[in-house]
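If you want the building blocks of each chain, they are given just below.
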Amino acid sequence: MPPQGGRSAHGEADWTKGLKKLYDSVVDEPLPDAFRDLLSKLDSED
Amino acid sequence: MADERPDSELPKRSAEDRRAFKRELTEVIPHLRAFARGLCGRPDMADDLVQEALLKAWAAQDRFEPGTSMRAWTFVILRNAYLTDMRRNRFRGEYDESVAERILTAPAGQEEPIHLSDMHRALLTLPPERREALLLVGAGGFSYEEAASICGCAVGTIKSRVGRARAALAAMIEDGNIPDRSLDDPSAHRAILEELEDVAAGNGQAVATR
Numbered sequence: 001m002p003p004q005g006g007r008s009a010h011g012e013a014d015w016t017k018g019l020k021k022l023y024d025s026v027v028d029e030p031l032p033d034a035f036r037d038l039l040s041k042l043d044s045e046d
Numbered sequence: 001m002a003d004e005r006p007d008s009e010l011p012k013r014s015a016e017d018r019r020a021f022k023r024e025l026t027e028v029i030p031h032l033r034a035f036a037r038g039l040c041g042r043p044d045m046a047d048d049l050v051q052e053a054l055l056k057a058w059a060a061q062d063r064f065e066p067g068t069s070m071r072a073w074t075f076v077i078l079r080n081a082y083l084t085d086m087r088r089n090r091f092r093g094e095y096d097e098s099v100a101e102r103i104l105t106a107p108a109g110q111e112e113p114i115h116l117s118d119m120h121r122a123l124l125t126l127p128p129e130r131r132e133a134l135l136l137v138g139a140g141g142f143s144y145e146e147a148a149s150i151c152g153c154a155v156g157t158i159k160s161r162v163g164r165a166r167a168a169l170a171a172m173i174e175d176g177n178i179p180d181r182s183l184d185d186p187s188a189h190r191a192i193l194e195e196l197e198d199v200a201a202g203n204g205q206a207v208a209t210r
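Residue numbers (this note's numbering), protein chains in the order written: chain A, 1 to 46; chain B, 1 to 210.
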């Protein structure tokens, strides 16, 4: 869909990039210990 | 994506299948965290949601078809858990202040560059169905078809939601109209009300592992 209301494609691209960056910044965070604990608990149920 | 057969008719998984399942599940955790953070805003609440989704996925692992997308499968589970939690909050009547606070109080993350927290606040003011469509396609890199399958709606609906969400974000940055953290912001209030109404109506619950 083209930008609405005369918005520049440039502004839209900035937000798209920002959104990806926001998502990737969480993906790149080290995994909190709580998740390792949870995963090892799953193991013990096998 | 999800196997609809009764439990008794599901194929028995080998030990190797189960190990593969666990490995794949572990690999998608960072993506689940990113999706959850985008959906609900607060990092601690998002991580609780991911843990809940992981336990549900583990319990339902016989319904996962090996070779299909673990990320798409677990996103459906996470999304359904999110909608269920939101509805429970509503039914307990605790949604007003606390949910409003959760949605609007952007991820604290002082170390985060300011433009990312601006981005997050702007994202959180979008109506929920547009926000998740944009997260899936714009951030998660899912195709429109995959996003439609995750959300349980038509491909055209997803395209329209993504387009509107992108336009709204572009307008916010171009006008410098990024919502601030205050609950006094009228547009933020409106977004919360719309979100709660939508959630209360139970819209868009996808078929998966209910």
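No lab work stands behind these hints: they were computed from the structure. Hints may contain errors.
For each label pair, taking beta carbons as the anchor points, the in silico distance ranges come out as [stated by the list, open to error]:
id, chain 1, residue 1, chain 2, residue 2, range
1, B, G152, A, K41, 27 to 33 Å
2, B, K159, A, L39, 32 to 38 Å
3, B, E27, A, K21, 20 to 26 Å
All C-beta atoms, glycine included, are put in the ideal place defined by N, C-alpha and C.
* Go ahead and decide if the range 27 to 33 Å is satisfied by the Cβ distance of G152 of chain B to K41 of chain A. => Taking Cβ atoms as reference, G152 of chain B and K41 of chain A lie about 31 Å apart, which means the hint holds.
* Status of the given 32 to 38 Å range, CB of L39 of chain A versus CB of K159 of chain B -> Roughly 36 Å apart at Cβ, these two residues keep to the hinted range, so it holds.
* Measuring from beta carbon to beta carbon, are E27 of chain B and K21 of chain A in 20 to 26 Å? -> Given about 21 Å between the Cβ atoms, the range holds.
Checked against the numbered hints given earlier, this structure breaks none of them.
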